[in-house]
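Each chain, letter by letter, is given below.
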Amino acid sequence: MTRQVRPRDFGDEHQTLSPLDLQGMPPLSDGFTPPPAGPPRASWLEMYDFSLDGFSALGLPLPQGPQDEEQIVQAFLRGLEKLFTRENNWAFLLPTVLCTDYCMRCNACNEACMIYQSSGRQDVYRPNFRSELLRRIYKRYFTRSGRLLRAWAGADVELNWRVVYRLAELSYRCTLCRRCAGTCPVGVDNALLARELRKLFSLEMGIAPGPMHRSGTVQHLAAGASTGMNSAGLRDVVESLEDLIGEKTGRRIKVPVDKQGADILLLHSAGEYLASPEGPAAFALLFDAAGLNWTLSSEAMGYDAVNYGVWYDDVQYVRIVTAQLQAAQRLGVRRIVIGECGHATKATVTIADRVALGDLAIPRESCLPLLEKIVTDGHVPFDPRRNDFPVTLHDPCNLVRLMGIVRPQRTILDRILPPGRFREMPHAGTENYCCGGGSGFAILNDRNFPQWRNAVASRRKAQQVLDAFRDCLDPSVPKYYCAPCSNCKASARDSLVGYYGFRDKYNLLYGGLAELMANAMADLPGPYLSWQQ
Amino acid sequence: MTWFLTGPFVYAAVALLAVGTVCRVVAILRMPPHLRWELYPLPGLRPAGSGHQQNSPERRRHRLAEFRFMAEEILLLRKVFAQRRSLWVGSWLMHAGLYLGTCFLAMLLAGAAMTLLGLSPDAGRWPVARGFRALTALTGSVAMIAGLTGAVWLLVLRVTDRGLRAMSDTVSYFHLGLLAAMFAAGLAVWSADAGFAECRQHLASLLRLQPGTVQSLPLTVAIALAAVFAAIFPFGRLFHPVAKYFFYHTILWDDGPITRGSTKEHEILDCLSERVTWSAGHVVPQGTWLEQAQSPGSGKAPAP
Numbered sequence: 001m002t003r004q005v006r007p008r009d010f011g012d013e014h015q016t017l018s019p020l021d022l023q024g025m026p027p028l029s030d031g032f033t034p035p036p037a038g039p040p041r042a043s044w045l046e047m048y049d050f051s052l053d054g055f056s057a058l059g060l061p062l063p064q065g066p067q068d069e070e071q072i073v074q075a076f077l078r079g080l081e082k083l084f085t086r087e088n089n090w091a092f093l094l095p096t097v098l099c100t101d102y103c104m105r106c107n108a109c110n111e112a113c114m115i116y117q118s119s120g121r122q123d124v125y126r127p128n129f130r131s132e133l134l135r136r137i138y139k140r141y142f143t144r145s146g147r148l149l150r151a152w153a154g155a156d157v158e159l160n161w162r163v164v165y166r167l168a169e170l171s172y173r174c175t176l177c178r179r180c181a182g183t184c185p186v187g188v189d190n191a192l193l194a195r196e197l198r199k200l201f202s203l204e205m206g207i208a209p210g211p212m213h214r215s216g217t218v219q220h221l222a223a224g225a226s227t228g229m230n231s232a233g234l235r236d237v238v239e240s241l242e243d244l245i246g247e248k249t250g251r252r253i254k255v256p257v258d259k260q261g262a263d264i265l266l267l268h269s270a271g272e273y274l275a276s277p278e279g280p281a282a283f284a285l286l287f288d289a290a291g292l293n294w295t296l297s298s299e300a301m302g303y304d305a306v307n308y309g310v311w312y313d314d315v316q317y318v319r320i321v322t323a324q325l326q327a328a329q330r331l332g333v334r335r336i337v338i339g340e341c342g343h344a345t346k347a348t349v350t351i352a353d354r355v356a357l358g359d360l361a362i363p364r365e366s367c368l369p370l371l372e373k374i375v376t377d378g379h380v381p382f383d384p385r386r387n388d389f390p391v392t393l394h395d396p397c398n399l400v401r402l403m404g405i406v407r408p409q410r411t412i413l414d415r416i417l418p419p420g421r422f423r424e425m426p427h428a429g430t431e432n433y434c435c436g437g438g439s440g441f442a443i444l445n446d447r448n449f450p451q452w453r454n455a456v457a458s459r460r461k462a463q464q465v466l467d468a469f470r471d472c473l474d475p476s477v478p479k480y481y482c483a484p485c486s487n488c489k490a491s492a493r494d495s496l497v498g499y500y501g502f503r504d505k506y507n508l509l510y511g512g513l514a515e516l517m518a519n520a521m522a523d524l525p526g527p528y529l530s531w532q533q
Numbered sequence: 001m002t003w004f005l006t007g008p009f010v011y012a013a014v015a016l017l018a019v020g021t022v023c024r025v026v027a028i029l030r031m032p033p034h035l036r037w038e039l040y041p042l043p044g045l046r047p048a049g050s051g052h053q054q055n056s057p058e059r060r061r062h063r064l065a066e067f068r069f070m071a072e073e074i075l076l077l078r079k080v081f082a083q084r085r086s087l088w089v090g091s092w093l094m095h096a097g098l099y100l101g102t103c104f105l106a107m108l109l110a111g112a113a114m115t116l117l118g119l120s121p122d123a124g125r126w127p128v129a130r131g132f133r134a135l136t137a138l139t140g141s142v143a144m145i146a147g148l149t150g151a152v153w154l155l156v157l158r159v160t161d162r163g164l165r166a167m168s169d170t171v172s173y174f175h176l177g178l179l180a181a182m183f184a185a186g187l188a189v190w191s192a193d194a195g196f197a198e199c200r201q202h203l204a205s206l207l208r209l210q211p212g213t214v215q216s217l218p219l220t221v222a223i224a225l226a227a228v229f230a231a232i233f234p235f236g237r238l239f240h241p242v243a244k245y246f247f248y249h250t251i252l253w254d255d256g257p258i259t260r261g262s263t264k265e266h267e268i269l270d271c272l273s274e275r276v277t278w279s280a281g282h283v284v285p286q287g288t289w290l291e292q293a294q295s296p297g298s299g300k301a302p303a304p
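Taken in sequence, the protein lines are chains A and B.
Here the first sequence stands for residues 1 to 533, where the numbers follow the working numbering.
Here the second sequence stands for residues 1 to 304, where the numbers follow the working numbering.
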């Protein structure tokens, strides 16, 4: 049992408040135990704060003296005050206030959190722990009862720079999957408060992970895509997609770009074009076969669906979604369809619903119902026998729990797989577990954070995959992990394949839904998927 | 002192309960519109499911299913049952005590009103009056027993369970202690006066606006503690049953797309003209949300 950490202990002067022992974690059902993490490098320790759990997502520079320390505390207090004001946070003020005021401290949410459970129940990873810190600090510094009665009013966290830094890191120990919110009897959403904390740190203190901000949203707005790809790059990518389709299928199709007045503007995550071009290529193949009137855009902001702002910063979020919609507006398309990318779909379709007003209110939708229509309306012939291998489906949190898109992907699998080949994971549908790469974790690869992400955040997904394929783990049986989300696929690459070794041990291939559909197209000369990739 | 605690103090508590509740609800209703943040599954979705998987603005739901979900959640605490059975036992008993206690209070008030009309259940010889008195006593006694058992159960759990102890604050213990004391005092009243006759008489005097002096110590304590509970109810987390309505109906179940020209659209346009005072380098200083949205940002990367 690890040392107990209570909210009021959060500013204690331990070098590491809640050290995480990776090897002390319970093994997976196949006996896998994480390799030892080892201490952070001495050069990192000299520069950055690792005092929460021995890991660093943010790379917070250590303060250089009491003046720095005081500035950190004062900036945090300013930000906390602004978080509860209409002018700075109208978009989430009601949920933030209600979630801050009405938690009953029953810990019902704890059982739902994969990070708390997978860590061996470390106190600091309770989903309500960071929310409780937020509440107690707010009460201590911004309410009369807290200022007067302190601990007697439940305001027992005294601020120092360690509290602020640890809380910043702790806001990046939650994947914002919102599974806990579904279990709260009152309706409190701890993931929302984790996101509010991230906003406070970014918008007031300029603290955000580099891959999310500097080489994420800032680069996205400057170059037109989060990957830094410009318009010419997009046109090169499209050519290579056409070549890829030709190589895989023998078909030479023309991928439409900048087609004015098209019915559909298809927006993929730009990272897909580079990391797994088979996905966008499969979309092109399917849309072409279905005779859809569609296009890609080569205009800056018109060819990258992602919006990292939704994870940490409302200003960056609204800038990106506005620019994306303006690009679509200039192209005169009737609707925007978001490819297989969960957070982008939620950001552009659901959350933008109350931001995209007036002329920017272009209809926007997930690709999954459209793919379902392609399968069910019969124009494209599919032969399920071409997918004669076991398949399991990962439910991306953003699409399933946060948008309720559960049925289309299952209807598709039902039509493109032979009977008995599809197996649900335990806890499928809206009770799913995050892949471990949610809320930007999949792109946070600095310092030792990937070790934490793979060992803790992705652990439950690895166990789910083992459970789903428990009757056919033998590597002689090829098997497919279908993850219709760019971020979830990146997580599968790094964790399931890279860290847990499922490709080598179990012959597991990961990919999207469109690739699986393309693989079942009856009039293609051969398979689209290859286990030899 | 007894007269004050069981008279003016009760009036003040009721006034605080009423005014506090209205103020809190109005404050919530006057909050600015928020962006969509629903959570699935939503109760009552028709076979087509979420609006996002239909690709149409059709998002009708069975309202009866929402009502049923909420009724089961309020009466049976289903989510707590699903997550933590040991917590559910105490929590359900305590909530049952509060629900029955509210019914008991309503029955006492009805009895007091009947007394004022000359139809006192305590003096009545009709079977209906006797039945009403017995039902009131039964409701009250069950409420006290359930409430006390539940509150003590939760207190013990909060002290002995490592996780609950770590997350509890002073207020958590205070609320449970207050409820346990209130139910215990109620039980003491019942043991001394099984028909709650003195209580009914005192309520009648309160309704006449001529509060009498309570003779029984347990009744004085019970009334004072109930008044404290009522007075603080709207001002802290005890208000969660009311807040719960807003959590579910205005946040977690709010899947309605915005419509052009609606009141909500106008409210949002107002909000977009609010001036942002966040200090980070990438925020346009003092720019409105509309200006932030249309600005590509400074491009400055924040530290580190």
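Rather than coming from a laboratory, the hints here were simulated on the basis of the structure.
Everything numeric in this text was worked out from a predicted model, so none of it was measured.
Treat the hints with care, as some may be off.
Covered stretches of chain B (chain A as the covering partner; in silico rule of three or more C-beta atoms under 8 Å from a C-beta of chain A) [said to hold, decoys possible]:
1) 31-38
2) 79-85
Taking lysine-lysine pairs in the DSS-like style, the calculated list, with each CA pair at most 30 Å apart, reads [as the list claims (entries may be wrong)]:
3) A/Lys259 <-> A/Lys82
4) A/Lys259 <-> B/Lys264
5) B/Lys244 <-> A/Lys254
6) B/Lys264 <-> B/Lys244
Beta carbons are placed, not taken as given, at the ideal position from N, Cα and C, and that holds for glycine.
Going through the hints against the structure:
With 8 residues bearing a CB less than 8 Å from a CB of chain A, the stretch 31-38 of chain B meets the requirement of three and the coverage assertion stands. Residue count for the stretch 79-85 of chain B with a Cβ under 8 Å from a Cβ of chain A: 5. That meets the three needed, and the coverage hint holds. At roughly 44 Å between alpha-carbon atoms, lysine 259 of chain A and lysine 82 of chain A are farther apart than 30 Å, so this suggested pair is violated. Distance check on the hinted pair: lysine 259 of chain A and lysine 264 of chain B sit about 34 Å apart at the alpha-carbon level, beyond 30 Å; violated.
Pair hint lysine 244 of chain B plus lysine 254 of chain A does not hold up; C-alpha atoms about 54 Å apart against a cutoff of 30 Å. A threshold of 30 Å between alpha carbons decides the hint, and for lysine 264 of chain B with lysine 244 of chain B the separation of about 22 Å falls inside it, so the pair holds.
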